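Colleague: Sequence order for the protein chains is U and F.
Residues 1 to 432, numbered by our numbering, are exactly what the first sequence covers, in order.
Residues 1 to 380, numbered by our numbering, are exactly what the second sequence covers, in order.
Calculated directly from the structure, the hints in this document are not laboratory data.
Note that the structure is predicted; figures quoted are calculated from it, not measured.
Just so you know, not all the hints are guaranteed correct.
[Claimed, not checked] Chain F stretches covered by chain U per the calculated footprint, using a threshold of three residues with CB under 8 Å from any CB of chain U:
(1) 65-72
(2) 89-103
(3) 108-118
(4) 131-138
(5) 296-303
(6) 334-344
Virtual Cβ for every residue (Gly too), placed ideally from N, Cα, C.
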Amino acid sequence: MAENEKNAAAAPEAAAPEAAPVKKAPKPASPGTQALRDVVSKVYAAAWEAKEAGRPVGWSSSKFPCEIAEALGLAVVYPENQAAGIGAQHDGQRMCEAAESLGYDPDICGYARISLAYSAGVETTNESRRVPMPDFVLCCNNICNCMTKWYENIARMHNIPLIMIDVPYNNEVTVSDSQVAYIRGQFDDAIRQMEKIAGTKFDEKKFEQACANANRTAKAWLKVCDYLQYKPSPMSGFDLFNHMADVVTARGKVETAEAFELLATELEEHVKNGTTTAPFPEKYRIMFEGIPCWPNLKTLFKPLKANGVNVTAVVYAPAFGFVYDGLDDMARAYCKAPNSVCIEQGVDWREGICRDNKVDGVLVHYNRSCKPWSGYMAEMQRRFTKDLGVPCAGFDGDQADPRNFNEAQYETRVQGLVEAMEENMKQKEARA
Amino acid sequence: MSIEGIVKEFAAVAESPREQLKKYKAEGKKCIGVMPYYAPEELVSAAGMMPFGLWGSNNKTISQAKEYCATFYCTIAQLDLEMLLDGTLDLLDGVITPTICDTLRPMSQNIRVAMSEKLPCIFLAHPQNRRPAYGKKFCLDQYTHIKIELEKISGAPITDEALREAIKVYNRSRAARREFVKLASDHCDVITAVMRSAVLKAAWFMPKAEHAEKLEALNAELKALPASDWKGVKVVTSGIICDNPKLLEIFEENKVAIAADDVAHESRAFRVDASETGDPMEALAQQFADQDYDVLLYDESSSENRRGEHVVRLVKESGAKGLVLFMQQFCDPEEMEYPSLKKALDEAGIPHIKLGVDQQMRDFGQARTAIQAFADVLSL
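So here's chain U without its partners, still in its complex pose:
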């Protein structure tokens, strides 16, 4: 059974299984999947251990260069991963409403609202996603500008330092030397600020090791993602959403690279045997565009399963595959987040994986929580249809606030997409 279905009622992002209030006993995870879950659990446990030992704990945005904290031995947790887990455990709405009672508008990103409520002292029912309060915050706004204000608010609530790496939005496919110089300057300042917090000097060797780990993780992640190219795919692409937790929270750890490599060997075995972990025969293959609606995973999955629609492409594959060599190259790599690149780069990434992974259609999540992501999807949809000749369907939803998702609309849109893919297929067969 696919990860997504098992975890639909539980935490999607490799939460500790014992914390998930599942109705029926899940089937045991494969060794690779279990190893990935353990990595994330350890990240949370390490933060608690640090706090108890009197060492500082940081909260970090998911695409802040984790290599720096890793080299300095600083314990760090990731509010985006926490918010996704809280959302998936159906505590997102309550946390969002708590933030609203603090004055945060319901139109603000659901992750930010959940995190700000937690930061203000509202406890979550998802025990696996509880974290110690921060002693510092690490913000990189390559994902969005909302992140800047979100982390400023946390810094203000706790009167703690904020280390800010600003990645300006890029209108070109290439990253300019000007942009690299700006980000390098910020890296150097961030290192100095974080040395003070850690109370230790920055160790180049440890940093190189963290970078080597992060590169190895990125390559293993990309390798796992590439297995979606096989027809039929040896897994459901929804599983990648679950495994994202590892690339978010533990890119710089060797255990993460090893766990992905283990998963890759399992997938290789499935390919050899012609088997799959997807829980249904694959009839159609689609790209799922955007962050999933974590509170509604089961609902998202249901009509896809019923129609034999497998997700074989997600933009997170290239988006987290940070492979680089040296600090300047690292600066370039961190400029390439999904929401910091121009439309041509965004289309190129997506069309690349759509072609490689042989999709028949695209399902687009217009995510109420994510303005930079959803803001040019209409134009992207037109390009997918024009360039790839595949149908696209969009639905309204939210990554964390279930009030912005409508099941009936979603089902209708999926149905429409399936009909269009069926028609396309018939025409192809007629031509053959």
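Use these hints to put chain F onto chain U, whose structure you have.
Modeller: Chain F alone, transformed into the frame defined by chain U:
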């Protein structure tokens, strides 16, 4: 000219930006649309072209922009795209698209795609870490790119001399607007909220030298007036934009005057001058580095509530009794900073109201009730 006469002229400009555009085009001037926020307009002026502010519209409905944009985006950006698509802005020769918020990021792409056969789009990404040397250098690089693109449109180089001259003109305009804001408060019996808005709004659609000259004349007239004996209340306004005359009329109806503002379309846009000496490009980058107390900008001292405290000071120093926040719908930066602003105001004992606004609003019934009640509270 009388106060009324000068204000009337400003109001005519503010009410019909398109007529202004036609006028300058007829005079043979090239016009560059400038979207929010903090674009270095001085460069446009130095290139001998007319910068034209793009802050949405109170008279348009979003229709064609829906082809590019979902509904949950700020209407200023959506209406700018709408006017680019529906031909309202066809006379423009280019548009500058800053990207300092999450709506403007993708909107820069939508506009570039939608205008690909119609109009050059000049991209601008400001640095948030704008004060360290590397931040100023990045800003300088961005502004240099804008300069080059503007030169392509105008067909002539922008000289340092012309830029220095433009900076002087803009500093003069900013100083006149700052003085006007004070005088409008001192003489709020004469300068109503609607008139104040029209005077400030007109600056986005006029050459700054012309606006400054007219405004200095108005300021001189206001200075000559006897002290006002205002019987109503005074407030500070805050938000992105509050230029709808119908909404501002409610202020007048309830004897609410504007003592000062923390509004992006108004004072936030003319608080900071650029140096008139030294390298003029560096002066512009330094000017951006000096911007402060803005929800759109990163605050290096973010563990403090500096912006909230700044607004509190503004209320106290301007003699206002309360604050009216125009909350632009779907504006993340304003929404994210509201709890901190509220905290600072509450701690200082300053009452405030938050009015949800967007530029497609035509019915201000709720705002009327809220402003009436607020005026009553402040009069106690």
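Colleague: Which numbered hints does this structure break?
Modeller: Per hint list: zero violations.
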